[in-house]
Amino acid sequence: MTETTYLIWLLLIPLVFSLVSFTARWLGRIGRILVEVAHLVSVTLVLILSLLTVGAVLDSGSIFGLGNWLHVDALSAVFLLIIGVVDFLVGIYSIGYTRHELQTGEFDDNKLSTYYGLFNLFVFTMLLVVTANNIIIMWVAVEATTLGSAFLVGIYGHRSSLEAAWKYIIICTMGVAFGLYGTVLVYSDAFNVMQVPGSAVLWTEIIKNTQSLDPTLIKMAFVFVLVGFGTKAGLFPMHAWLPDAHSEAPSPISAMLSGVLLNCALLVIFRFATISNLVLGPAFAQTIFLFFGMISVTFAAFFMYMQRDIKRMLAYSSMENIGLIVLAFGIGGPAGIFAGLLQAINHSLVKSLMFCTSGNILIKYHSRNLDQVKGMLQVIPVSGVLMMVGALALVGIPPFNIFLSKFFIIATGLGAGYNWLMILCLLLLTVVFAAFFRVISSALFGEKPDSVEKGEANWLTLIPGAVLVILILVLGLYIPSQLMTLLNEASYLAITGDSSQQVAMSMKDFLLPLAHLLP
Amino acid sequence: MSNVILINSLTGLLILTSLLVIEVNQPRWSALMYSLQSFVLVGIFALLAYTTEAEQLYLWAGSAFITKVILVPWILYGALTKVGNPEKPRNAMGTTLSFLLAAVALAVSFIVVDQIQLKAAEPFKPALAVSMAHFFFGELCILTQRNLFKQVLGFCLMENGSHLTLALLAYNAPELVEIGIATDAVFGVIIMVTLGYQIYKSLGTLDTADLNTLKG
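Quick mapping for you: the protein sequence lines, in order, are chains A and B.
Each residue of the first sequence is one higher than the one before, starting from 1 at the first, in my numbering.
Each residue of the second sequence is one higher than the one before, starting from 1 at the first, in my numbering.
There may be inaccurate statements among the hints.
[Claimed, not checked] Lysine to aspartate or glutamate pairs mimicking DMTMM-like chemistry, simulated, CA-CA at most 20 Å apart: (1) A:K219 / B:E53; (2) B:K201 / A:E106; (3) A:K208 / A:D498; (4) B:K119 / A:D214; (5) B:K201 / A:D108; (6) B:K215 / A:D371; (7) B:K215 / A:D309; (8) A:K448 / A:D309.
[Claimed, not checked] Quick look at which bits of chain A chain B covers, simulated, 3 or more residues with Cβ under 8 Å: (9) 263 to 272; (10) 332 to 338; (11) 372 to 379.
Hints were generated in silico from the structure; no laboratory data involved.
Bear in mind the structure is a predicted one, so any value in this text is a computation, not a measurement.
C-beta atoms are modelled at their ideal positions from N, C-alpha and C, and glycine is treated no differently.
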């Protein structure tokens, strides 16, 4: 199998298994087994092909496919890695979760096949976002992620879930339409310069011709793109759909929305930021990133503190983390972008763990309210430990992975001279700490309600969480050399669209900038 | 040259039909007004194709006729008949204020488009400004209208605005791009209408003011 065929199979597999799942509804009990097997095969193959593709990028640089309409370089490989790993682990968790929903009657055979059909369709659309080289198809794919996942958000058919699904589809469609405007402006400008429509639509070709693009138009286009895809990424103030959709969707879908979808939207913004960097210089995009990053972290921190609903709190935490990633890109330079990308990986793993564990809470307590969820360590001890690790990781406690990426962001920010901004950021992170401290003290250690019986739902709802904990710990202590190389290449690519100028980064790149702060 | 003037003038009709879509009291009539607007859009595509000798725009006109003049209004009309074509709830913002905002959107669009320096767009700047304004009218419709199906029509208006922008600035993009965008738009309407119908069946309302359980 060649590198190009990896890409094609990567897209085909979830699409085909999505169709298999949709049609399985007519097969009765056999259909129930078929959808689970098809889903398991799909998530496993997507993981294997994602890893193979990332490996191929590490070996030979960019990969192209379908007449250059598909493209994976180090930057998109980072996001492909996230999709492959989270899709696999959350996919397995889904099997345990949906089995429980079938037992309790929340799901029937019809809903089950719709769930797995849409799950795989959703994965296909996200894979298309990160592998598209054609900027308009990139937009089509982002729009398709909304259409593919809206029914998943409202799948329970409850009043609140239908309301969340409606808000999700309306707000995201409205927002992403701005993205189309930005995209069309960039295409038109590129065509004006290149005069070849087939090339003017390709990101890899546009960045070769940035010296002739019109700065005013690119400035305007970037603002449209940021508002458009920023809505999908959940940046403040375009975030209104995020807490509702994340909290009302089935927990595995919340994990996919938070751990994967938000990152996909960010990748599209970063692609356009590279064009903006080359046309206008890095200061323009960086200033906008700093503003939106900081404002998102600020509001998310206080919204989190006010929540009593665990899943809404996690949703606002996603907004906070996306804000941090954008802030890191705002700090800029290879080190800032490296830190932002590492934060994207780390956040995806931790948030998948947290949403999966919140699913276990819902299964047991039938509530997300912190006033009712108490004594987890007595009722569901394994889930309790998973939740504790996730919460400690989210607030940035060592030795968990987010500590490292948050430390890198703050260190790079201080090194770049954003001292006051970083101090403010640290203060806001203490608000986040306070919010999660309440979760740990109340949900984990409180007195268990009498009506709740002890015992986990099933082992499939625990294994993925345990694997995630191992990954979170490993990445907190050690970044594998292949990941360092990938992040390093991706950081240079995000700035100039070219990684050939890269200089390998190491821990000292994040520690040295702090030296000037010492007396 | 006269065709260019005609194209720019026809876009004025888009504004009029947009306002009708937003303000007509019976949602089913809004669906018909949308069909009428799409027919004007098809005319603009055909005229653009003839004027600029961009043959692919004839295909755009054909596909827009099938999807926007017939298919989407038919889906919306059918769904509205099923839910008893309820009169729209009061405009959340008031008609006068929404007209005022529409005027502001139009003015802002003309100012923004004036900054764009693209050779291909030069003769069609008024049309380009209207296409952008149209996009904002769609947003305005979504923000001010409380009927779920009127919000879907807002999405359709935005989509018509984007489609016209594409025809003016990116008509020469590979055919698959237009197919992708059009498919997304049609699926968007189908999914929104299905979801809206599901909400009506489960909750017995199409009024967004009744969808107020999620806050904070």
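Does the alpha-carbon distance linking K208 (chain A) and D498 (chain A) stay inside the 20 Å limit? Holds, at about 10 Å.
Between K215 (chain B) and D371 (chain A), does the CA-CA distance stay at or below 20 Å? The given pair, whose Cα atoms are some 18 Å apart, holds under the 20 Å limit.
Could you grab the alpha-carbon distance between K119 (chain B) and D214 (chain A) and see if it respects the 20 Å cut-off? holds, 12 Å
For the stretch 332 to 338 of chain A, count the residues whose Cβ lies under 8 Å from any Cβ of chain B; is that count three or more? It is violated, with 0 qualifying residues against the three required.
Please verify whether K219 (chain A) and E53 (chain B) have alpha carbons no more than 20 Å apart. Not satisfied, since the Cα-Cα distance of roughly 31 Å exceeds 20 Å.
Can the restraint linking K201 (chain B) and D108 (chain A) be considered satisfied, given a maximum Cα separation of 20 Å? Cα-Cα ~19 Å, so holds.
Take the stretch 263 to 272 of chain A, compare each residue's beta carbon with every beta carbon of chain B, and decide whether three or more fall closer than 8 Å. The restraint on the stretch 263 to 272 of chain A is violated, since only 0 of its residues have a Cβ under 8 Å from chain B and three are required.
Under the criterion that the straight-line Cα-Cα distance not exceed 20 Å, is the pair K448 (chain A), D309 (chain A) satisfied? holds, 17 Å
Are there at least three residues in the stretch 372 to 379 of chain A whose beta carbon sits under 8 Å from a beta carbon of chain B? violated (count 0)
Given the hinted pair K215 (chain B) and D309 (chain A), is their alpha-carbon gap at most 20 Å? holds, 11 Å
Pair hint outcome, K201 (chain B) versus E106 (chain A) [Cα-Cα no greater than 20 Å]: holds, 18 Å
Checked against the numbered hints given earlier, this structure breaks hints 1, 9, 10 and 11; the rest are met.
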